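Model the placement of chain B on the given structure of chain A, informed by the hints.
Protein sequences appear in the order of chains A and B.
The first sequence maps to residues 1 to 324 in the working numbering.
The second sequence maps to residues 1 to 271 in the working numbering.
These aren't lab readings, by the way, just hints derived from the structure by calculation.
One or more of the hints may lead you astray.
[To be verified] Below, a list of computed lysine to aspartate or glutamate pairs in the DMTMM-like style, where the Cα atoms sit at most 25 Å apart: (1) Lys-7/A - Asp-111/B; (2) Lys-72/A - Asp-111/B; (3) Lys-6/B - Asp-131/A; (4) Lys-231/B - Glu-281/A.
[As the list claims (entries may be wrong)] Negatives, chain B to chain A, calculated, CB over 12 Å: (5) Ala-27; (6) Asp-39; (7) Lys-41; (8) Gly-82; (9) Ile-87; (10) Ile-165; (11) Phe-180; (12) Phe-250.
[Stated by the list, open to error] Covered stretches of chain B, as calculated for chain A (at least 3 residues, CB under 8 Å): (13) 119-125; (14) 153-164; (15) 227-239; (16) 242-248.
Owing to the predicted nature of the structure, the values given are computational and were not obtained by experimental measurement.
Just so it is clear, CB atoms sit at the ideal spot from N, CA and C, and this is done for glycine as well.
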Amino acid sequence: MTRYITKRVLSLVPVFFGITLISFFVIHLAPGKPTELDSSLNPKVSYEARLRWEKIEGFDKPIYIQYAKWLKKFITFDFGRSYIDNRPVSKKILERIPVTLLLNMSALVLILAIGVPAGIMSAIRRGSLADRLTTVSVFIGFSVPEFWLALLLMSLFGISLHWLPVSGIKSMDFEYLTFSGKALDVLWHMILPVAIAALGSLAGISRYMRSSMIGVMHQDYIRTARAKGLDESAVIYKHALKNAVLPVITILGLSVPGLIGGSVIFESIFSIPGMGRLFYESVMARDYNTIMGILSIGAILTLLGNFLADIAYFCADPRIRVSE
Amino acid sequence: MKELLKNKIAFAGMIFILVIIAFAILAPLISPYDPTQIDSKDILSRPSAKHIFGTDTLGRDVLSRIIYGSRISLSIGIIAVGIAVLIGIFFGSVAGYYGGKIDSAIMRFVDMMLCFPTLFLILAVIALLEPSILNIMVVIGATSWMGVARLVRAEILTLKERDYINAARLMGASDCRIIFRHLIPNAIGPVLVSATLGIGGAILIESALSFLGIGVQPPTPSWGNILMDGKSTLGVAWWVTVFPGLFIFFTVLSYNLLGEALRDIFETRLK
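Bound conformation, chain A alone:
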């Protein structure tokens, strides 16, 4: 166990540096410097002042030195200051991360709670009406533009019917609510965004669960279980299910980047002050430090997600433990 984890942690290190490298160079290879918006494009700023500023920010140095400096600070969780309001980027990200994590975690729970049973049922009753309905919903989930559906649902449930709130994560009178009132209020605001966030991966997971289950049902050990006279429900729930659910753990880990990336869209639509919205605002304002910070953090969150999925898989599957 410890050996496996150590090996896995060590394999994270090069990927981590790769991520920081890509985040840094993607931003810096783009033409133009972040100081330009306020300097060369601004006639009031003199040439000397521009040089001085570039020197302060370190833009006069070769790019690999800039990267080394940035990385050195990055490791100590110092992502530099935002060009918009001069506040530390790490602080800005920390403020925004909880909402995004809350939404994405809830989406993950929803995906598991609906996707896995739906996939299993589809697989067991192959060709039934329920299976066909699930398949149709899966294709709809894969193909519908999420933001479009969000807009339509928002105008239906929020504006026409007044059932659900359309923006933000809490009501105006949030401060005056009791603790349980607060929790309910946030939950109330989360319904639409979480449903939208979950949609795409939900379709993926139930589809995957279905084919995994169908694959397992054809295995020899299932035939053995049937041959020794077990009734069908014992075969399905005791023998097949355990083996079919395992690969889903990995797929769940892989759905993390899509979820985090999608938060740009649903946080913009529902005006939720999370990391996705912060990223969008920073991109529009060319706030380089914040962009690099969020890009790296987003990728590192994915890396952690995959890592946890691997560890969970390791704990759940005795075959890997033995082969180690």
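Only chain B this time, still in chain A's reference frame:
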């Protein structure tokens, strides 16, 4: 092809795609109005015989904009995926064929790219460059080749042990010839499936970018930015938002159905 015709739903998808492609090619002939023509007397009018899908906030005919928009949205989908497939085949075949350190270096790079929340990376690069149609195609392509690379690598790993590859090598064929003449053509099935599914994905990404305001820039119509134009008036004029969305939905759905059908065909062929 015959097998494809048997699958009725996939066949319907294929027909829909062909119709949309015909729309795109014949746009000037079939669109009832000029898609950029502003008519201040005919703003936000409901769908009617004159304007089948109504008009938008500037009085432009929504149907004409959708027809012209299909040119942009489809070409972005197809070209972006073409770029992704080329990059993916290159990295995948090099990694699979040469193996060893080259393989592990490329696959680590793939792992790194897969860690980035897709939309974050695309958003950052396009906003920093500038949202031109060409940039959008290239950036979507450059950030979605990893799946193809993995597929091609896996295929080539199994193919390169086959006897006919040894035979080719004994005859003195160069690496390049073996890869391009003998390996890639035999690995193309799964790539075709993934490309078909990918076109739908790329159309969705383009529409999401347009929705965020950094996709195809107005007045050029793309399905995403027509929809975006209707966002603010959704309460009073649903048609500006609903119709382009339906076109995106059915087009992506058709590509997905076609892709799934192709996958079934290739998988049964292997068995």
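Taking the hints in turn, this is what the structure says about them:
no., hint, verdict
1, Lys-7/A - Asp-111/B, "17 Å, holds"
2, Lys-72/A - Asp-111/B, "23 Å, holds"
3, Lys-6/B - Asp-131/A, "21 Å, holds"
4, Lys-231/B - Glu-281/A, "19 Å, holds"
5, Ala-27, "22 Å, holds"
6, Asp-39, "25 Å, holds"
7, Lys-41, "27 Å, holds"
8, Gly-82, "21 Å, holds"
9, Ile-87, "15 Å, holds"
10, Ile-165, "29 Å, holds"
11, Phe-180, "29 Å, holds"
12, Phe-250, "8 Å, violated"
13, 119-125, "holds (count 6)"
14, 153-164, "violated (count 0)"
15, 227-239, "holds (count 5)"
16, 242-248, "holds (count 3)"
Checked against the numbered hints given earlier, this structure breaks hints 12 and 14; the rest are met.
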